[in-house]
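**Q** So you can see what is in the structure, the chains are spelled out below.
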Amino acid sequence: MIPKPFEYHSPQSLGDAVAMLQQYGDEAKLLAGGHSLLPMMKLRFAMPSHLIDLNRIPDLAGVSESGNEIRIGAMTTENQLIWSELLQRKLPLLVEAARLIADPQVRYRGTIGGDIAHGDPGNDHPALMLTLDASFVLAGANGERVVPASEFFLGTYYTAMNPDEIMTQIRIPVPPQGTGWCYAKLKRKTGDFAAAAAAVLLQMKGDTCTGVAIGLTNLGPTALRASDAEAALTGQPLTADAIEAAAQKVMAICEPAADLRGDETYKTAMAGEMFRKAIRTAMERCTR
Amino acid sequence: MSQTVKVTFKLNDRPVEVLVEPRELLIHTLREKLAHTGPHIGCETSHCGACTVDMNGASLKSCTILTVQCEGADILTIEGIAKNGELHALQEGFMQEHGLQCGFCTPGMITRAYRLLQEIPDPTEEEIRYWMAGNLCRCTGYQNIVKSIQYAARKLRGEPVETSHPLMGEKAAQSEMAG
Amino acid sequence: MDTVADQTERLGKLEGMGCSRKRREDPRFIQGKGNYVDDIKMPGMLFGVMVRSPYAHARIKKIDTSKAKAHPGVYAVLTAEDLKPLKLHWMPTLAGDVQAVLADEKVSFQNQEVAFVVAEDRYVAADAAELVEVEYEPLPVVIDPFKALAPDAPVIRDDLQGKDTGSHGARKHHNHIFNWEVGDRDKTERVFADAEVTVKQDMLYPRVHPCPLETCGCVASFDKIRGDLTVYITSQAPHVVRTVVGLLSTIPESKIRIISPDIGGGFGNKVGVYPGYVAAIVASIVLGRPVKWIESRQENLTTTAFARDYHMTGELAADKDGRIKALRVKVIADHGAFDACADPTKYPAGLFHVCTGSYDIPNAFVSVDGVYTNKFPGGVAYRCSFRVTEAVYLVERMIDTLALKLGIDRAEIRKRNFIRKDQFPYATPLGLEYDSGDYAPALDKVLAAMDYQGLLAEQAKKRADPDSPTLMGIGICTFTEIVGAGPSKNCDILGIGMFDSCEIRVHPDGSAIARMGTITQGQGHQTTYAQIIATETGIPASMIHTEEGDTATAPYGLGTYGSRSTPVAGAAVANASRKIREKARQIAAHLLEVAPDDLEFDLDQFRVKGVPGKAKSMKEIAWAAYNNVPPGMEHGLEAVDYYDPPNFTFPFGAYMCVLDIDRHTGETQVRRFYALDDCGTRINPMIIEGQIHGGLTEGFAVAMGQQMPYDDEGNVMGSTLMDYFVPTSMETPKWETDFTVTPSPHHPIGAKGVAESPHVGSIPCFTSAVVDAFSHLGVTHMNMPHSSYRVWQQCQALGIAN
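Protein chains in written order, with the working numbering: chain A, 1 to 288; chain B, 1 to 179; chain C, 1 to 802.
Don't read these hints as lab results, they were simulated from the structure.
Don't take each hint at face value.
[Unchecked claim] List of simulated lysine-lysine pairs, DSSO-like, C-alpha gap at most 30 Å: (1) C:K415 / C:K325; (2) C:K415 / B:K33; (3) C:K13 / B:K147.
[Unchecked claim] Some chain C residues close to chain A (C-beta under 10 Å, calculated; not the full set): (4) A125; (5) G610; (6) T665; (7) Q669; (8) T728; (9) S788.
Only a predicted model underlies this, so the values are computations on that prediction, with no experimental measurement involved.
Idealized CB from N, CA, C, for every residue including glycine.
The task is simple: from the sequences and hints, build the whole structure.
**A** Written out as structure tokens, the structure reads:
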């Protein structure tokens, strides 16, 4: 449980960090909160020769509002998300989800950017980002580009980020007033990844669903957006039958990997169950 | 072996300087180089919390942070919780409410609870259970740990507490070191 | 003055038995000043790590250590070849088998020890360990103990080939270790043949690990000049380690000092002698420098001593009123690649024969077969006395099964079968003699506290509602434990009787030091032993310093496991105290110029009967012991006692659990858990309650999530604390505790031991509750762990998951 030797770099600016990434190429890894990377290095599954620590770069953390958009610095920790009054008011889904990630100490270190950029379908933020229609600001040698979450997650540990890019910010449109929300996560214990989890954002008028977004965690090679289920619900009264039909569509897109948390059958069934739980809770939280 | 790096930080209010390889984990620096063996190693995968220290106002698992990352930091360990020979209310609480048995998780528990009570001075039992869930204990079943933290919270808020341990109160820490 | 207030004040000052004295251990732990093995640092100390096998079964073709040895900072790389000249490549296990210290030509389980790298620190050692090149030829793997007994199963132990007897008798197959039978087979068969009702149930007690928060480790330091070996070690039995090390190394025990400093939890994991310890000792002898070895969590969970792995089949014969006539049990015990159980020599299945439980079962027969598989060795008692958890699980499951079959309430069927109070001492059909018990009142107290009838009514209502999202389960367990191993006529380890010991010296100022052969790992011995001495001698507990764990100072004892500290060493403490008190009486008589019989002991003094005010305090007597003793008496005030218990002790309890299962997710929520324990005389209620909380929590972990699973290639899965279930404060239920007091008639202070009862008793109680949630649907048993996943599979199979 001892990492291989490496060189440590602590750039003071984003430009320096990008330059280092370019210089060291594949030999380098970015260090954000470190709670995914350092354990992998201790097990010697990851053996970078250069470690570039993003923690000293100013202005990469914090939550702000810009127009109708919430902007979250990529180095903002889970704990900061939980205690952000702005998020509690405008994006309670993110706060609810952050409270279910890892444990208190890990949440002081773990960052939203690291969680997303790692590309692990077991992480919670990817599905949340899909659900929230977020986009990511990626800084590289040629400046910044903005990539929507829907185009970001390409495979397990595989994202649209170029090797010389650094995620700097997450931009999330503020959902309309009255939007209902819920992140339902089934896990074996505190600190565990989800056996299955579902994020739901819901708008309703009367009994009718006027808009819905559904994201799924740890149920495929990447986080999933359940578009078929969304389409089936939009414009429909949210009857028990409609929800059940959507649950079937949610389960239809799941391709979970079997592990000690359960086999494919169980995890897929739990995807349906987490969705049912999430949408019911979101309905209760909707202002109609 | 890679080159060593000089790192300076504050440990329990005292400046320290260490030479470390970049890969050295803070828990090893504290225990091996700085003779602070209060924080323990229980799992090395950031699950158990026995290595918890407080850094810059946050509870951290020191098995999952590099010492080089601590340049300029302000670090508090269990060794720094008692001040001027006076036990902290949490230390009292753990003794009073039988919040420990083998003692291995205790430094991490107390250090974590220290930060919790800064953030939530009047936590409910459910809040304590939620915010202490990063620390494993194999002995107590947590029930008395919850009570210990409630005891400390009451004392820190200035409410009366029942103190029956003979070592508590004035100069308690010193009398123990003698015994 | 002898007023009530005065008595109360003196009693308070004494802090003797029965009071919730705060712990003397705590001040150092709460200030980070504990002294655990990994805290020990010695000048010139080196660090050792194990190179381990990735294969579960393979021949070792070649080991090349040259690159590792050439790595800067490396001092030695040991393999079996290096240990052979010293005859240390194999070592005896506590179960009469042998175990490879470093793999000798083959490996038989994943992560088996292959080479030991010693370097200047743990970083260099980790780097060098990667440079050891081992060439393996994989062999067929057998994980399932039933398949291991197939005629053509792979041979796991080449070293035993051709040996058709082991240390426990005949071996009937190359992967067979022993067969152990107890009870009257023929009579039991006849009762079954004639029985009105029989039930039979297969059950697996899965492989689990005690997982103390501190892993195992040691610092071995051999002084080449003096020829002395000192080992700081995470051991629950330091004296036994000294004897084993002496046997292995041929260093006389007088030159070996084993020190168990503070121990970060043991729970059975720290009873055995492990290859890492031996390798560190050898390396220190070879290099003449201290060598530290500390295992990682992964190593801990996959190499040092699992528990359980019992495949059990239970059968009960009864009449139609549910009165049990006979019990028959067959067990296949998976011991892994080496039989490294820590059991008393005569009992290869430990004290499993307590499996008739709290019930008056006239006939019983038990047969246990030990089997080798390609898994790591162990079979230790995880927070229980030897194999008692398995035994209690079996009988409690069986009585539930019988109740279901007959449609008799589970509390009622227990009452019909309880051993009655007037039957004690009670001889069981499997050869044990229960010391004392009073079972029915304990169960009645729990039923009342939980409003059992109300719960049944609520459950009936829920069962009638097909739309109820949850299933409600009520679990009952009325267990009898057997602890305090043990009487030397039955119990020894490596030929040493399982007595324990205490030595007390009272100093001139009236303070005292006491040393025992046990070692606390969180049980609070420093606190509670002093309470016994305080009550027995009249010396205030605060004036008594207790010490354990250092073989250079402590009297020989067999250590702390199997709840033996209070029943065995606690008795030695009481007896040694009484010897002190008797000498004190003689001195007091001398000082007061009366006959010893004219004196009576009164809390902290001897006073002359019927003469108020004429008394000598223990403090005065202690001083006199050093300057004014009666003619012919030796000076000093000290005593030693080696206590060989006449019998085991038999704590018992009645537990009830109520839980709700979400049939859509399989998640279980424990609503209430009520634990009534009877551990005889209670020394410190605060510590007892703490021990019970801890035992219940570990029982909860075992029942609901712990398991050490293997794939078909023998890869051990889930060896981190992400996968191996250690509940946090969030998952752990809240516990309600209660007690009755039925003292042990043969123990000097009537105490029985407590810390393991809650583990032993809670596990079947959880299973009872989970199964009960499904019993109206025809389910009679479900194997542990009752994880959401597995419970959901049950719901799915019954068609109620959706």
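**Q** If a hint holds in the structure, say so; if it does not, say that too.
**A** Evaluation of the provided hints:
1. C:K415 / C:K325: holds, 15 Å
2. C:K415 / B:K33: Violated. C:K415 to B:K33 sits at ~62 Å, over the 30 Å cutoff.
3. C:K13 / B:K147: holds, 26 Å
4. A125: holds, 8 Å
5. G610: violated, 66 Å
6. T665: Holds - the Cβ of C:T665 comes within 10 Å of chain A, reaching about 6 Å at its closest.
7. Q669: With a minimum Cβ separation of about 14 Å from chain A (threshold 10 Å), the hint on C:Q669 is violated.
8. T728: C:T728 check passes; min Cβ-Cβ to chain A is 4 Å, inside 10 Å.
9. S788: This hint holds: C:S788 lies near chain A, its Cβ roughly 7 Å from the closest one there, short of 10 Å.
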